[in-house]
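Colleague: As you go down the protein sequences, you meet chains V and W in turn. Following my numbering, the numbering of the first sequence begins with 1 at its first residue and continues without gaps. Following my numbering, the numbering of the second sequence begins with 1 at its first residue and continues without gaps.
Think of the hints as simulated: they come from the structure by calculation, not from any bench. There could be a bad hint or two in this list.
Here are the computed lysine-lysine pairs in the DSSO-like style, where the Cα-Cα straight-line distance is at most 30 Å [unchecked claim]:
#, chain 1, residue 1, chain 2, residue 2
1, W, K3, W, K188
2, W, K187, W, K234
3, W, K243, W, K188
4, W, K135, V, K246
5, W, K187, W, K243
6, V, K173, W, K135
Listed here are the chains, written in short residue letters.
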Amino acid sequence: MLRPLHPVPPGTRTVLGIAFFLLFVAFWAWITLGGHVNRIFLADPLSMLKDGWRLLVEDRFWLDILITIWRVFGGFVLASIVAVPIGIAMGAWKPVEAFLEPFVSFARYLPASAFIPLLILWAGIGEFEKLLVIFVGSVFQITLIVAVKVGSTRRDLVEAAYTLGATDNGIVKRVIMPANAPEIAETLRLVLGWAWTYVIVAELIGSSSGIGYMIINSQSRLATGQIIFGIIVIGLIGLLSDFAFKALNRWLFPWSLA
Amino acid sequence: MSKLLIEGVSRTFAGVGGGQPVRALQPVDLAVAANDFITILGPSGCGKSTLLRIVAGLEAPSTGRVLLDGKAVTRPGPDRGMVFQSYTLFPWLTVAENIGFGLREQGRPERERNEIIASYVDLVGLKGFENHWPKQLSGGMQQRTAIARALANDPEILLLDEPFGALDNQTRGLMQELLLGIWERRKKTVLFVTHDIEEAIFMASRVIVMSARPGRIKSDVPVDLPHPRHYTLKTSPEFSALKAQLTEDIRIEAMRTAQALSA
Chain V
1 MLRPLHPVPP GTRTVLGIAF FLLFVAFWAW ITLGGHVNRI FLADPLSMLK
51 DGWRLLVEDR FWLDILITIW RVFGGFVLAS IVAVPIGIAM GAWKPVEAFL
101 EPFVSFARYL PASAFIPLLI LWAGIGEFEK LLVIFVGSVF QITLIVAVKV
151 GSTRRDLVEA AYTLGATDNG IVKRVIMPAN APEIAETLRL VLGWAWTYVI
201 VAELIGSSSG IGYMIINSQS RLATGQIIFG IIVIGLIGLL SDFAFKALNR
251 WLFPWSLA
Chain W
1 MSKLLIEGVS RTFAGVGGGQ PVRALQPVDL AVAANDFITI LGPSGCGKST
51 LLRIVAGLEA PSTGRVLLDG KAVTRPGPDR GMVFQSYTLF PWLTVAENIG
101 FGLREQGRPE RERNEIIASY VDLVGLKGFE NHWPKQLSGG MQQRTAIARA
151 LANDPEILLL DEPFGALDNQ TRGLMQELLL GIWERRKKTV LFVTHDIEEA
201 IFMASRVIVM SARPGRIKSD VPVDLPHPRH YTLKTSPEFS ALKAQLTEDI
251 RIEAMRTAQA LSA
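Okay, chain V solo, but in the shape it has when bound:
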């Protein structure tokens, strides 16, 4: 019946996927509405939706959502603009790699959240500080992954290009970059997901707007419905941007699809 690695039909896959969501919400409703946990600590699904609706209509929560999205993408785009070229350079030219790789490997383990106090000292609590948190959290990761991907470019393609008369610059521009473009885009998609966790941490500290701010604000009022609504909104936006990124990659790189 359950054979290892045996594929599941698409229809069944969808049904199973939705089923777990329903099961999860049903369990949540059962422990909250059934009175198995204290309502002060966990809101039930219905009041979560009510709280969410009130947030959007009365408290203009959609402005917070927009500001958070802007921070994620702003910081992420900044990090990509810096990290992708450096990563390509490290992967393509080994002296550059020897020069930067040890430092980047070390910097990658520096937790972005631990930088927040410093960044606040340097940049204040304005937008720039929020962007910097995302930037610090993403830039080393992207650099290192891109460098590794570029470094493992298929050697036979490089050799073929040389025998066709490509110059050293031509190899970088017309082989290494296009060959790795889908993998780089895939890396960016992955790191964008991580950027969403950094932005919330950045907004929990020294902030007066954004989804994270709303969440920390709700905590002091024990508004667990709002907190859960905020978390779900983050999840949904993350999922949506992931879908959009995947669709973009499919459209940009039709040749790489199996």
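Go by the hints and put chain W onto chain V.
Modeller: Same frame as chain V, now just chain W:
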């Protein structure tokens, strides 16, 4: 004058982890006349691919030198087109763009490029597939594209490293006829590496047999079978006689390799 001169070319690889250096190729001398079709036949690991890669400029010889039209080879270049055993089409380029890669790299104008691409698409029988991605092609079609891509640069010499080694038997037979047909019509100097005896005889005007590692040239066998050649040639008595002779040569070498490995 010879088109290609290989003079005392040998290759020794550094030992792994401080071990003894490994000699892959003993000094080889070979003169190739213009428009000759040479096959290099040898057991696997005999250094025949290394020799070809040195001619391509992808590897440097430990001793000796390679001269093409009297000029020493130091690095790869478009005057030596190469077809690899592995599928090396650029997956992000269409068939037409792959064939035009070298032309574009040399900055030829687009109109001229398109004309050349069209003629080579025609030559290898890929009409209608110009805009396909490599992953949409069969192995045989990918290698046809690779041959067209190498020829589009109009190289002085075409180097092929077991180009049909990964193909099934039927496709391989068809590809041999296709390549030979191209050579018969458009005379080119060709160096073709293979471990398949039948393929070596069928394609060649001259078969170079290499010994087991460390490789050296063991014999140099002219193939005076008439052109154009048809697949039925493979069953003719002349062909069979050559095949018997080369099979004996290669068998001794293969056995020496096996003994060296078990020793």
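Colleague: Confirm or reject each hint.
Modeller: Each hint, compared with the structure:
1. At most 30 Å may separate the alpha-carbon atoms for a hinted pair to count; W/K3 and W/K188 meet this at roughly 11 Å.
2. A C-alpha spacing of about 22 Å is found between W/K187 and W/K234, which places the hinted pair at or below 30 Å, so the restraint holds.
3. A C-alpha spacing of about 25 Å is found between W/K243 and W/K188, which places the hinted pair at or below 30 Å, so the restraint holds.
4. A distance of roughly 20 Å separates the Cα atoms of W/K135 and V/K246; the hinted pair therefore holds under the 30 Å criterion.
5. Our distance criterion of 30 Å between C-alpha atoms is met by W/K187 and W/K243, whose separation comes to about 25 Å.
6. Distance restraint check for V/K173 and W/K135: the Cα-Cα separation of roughly 22 Å lies within the 30 Å cut-off, and the hinted pair is therefore satisfied.
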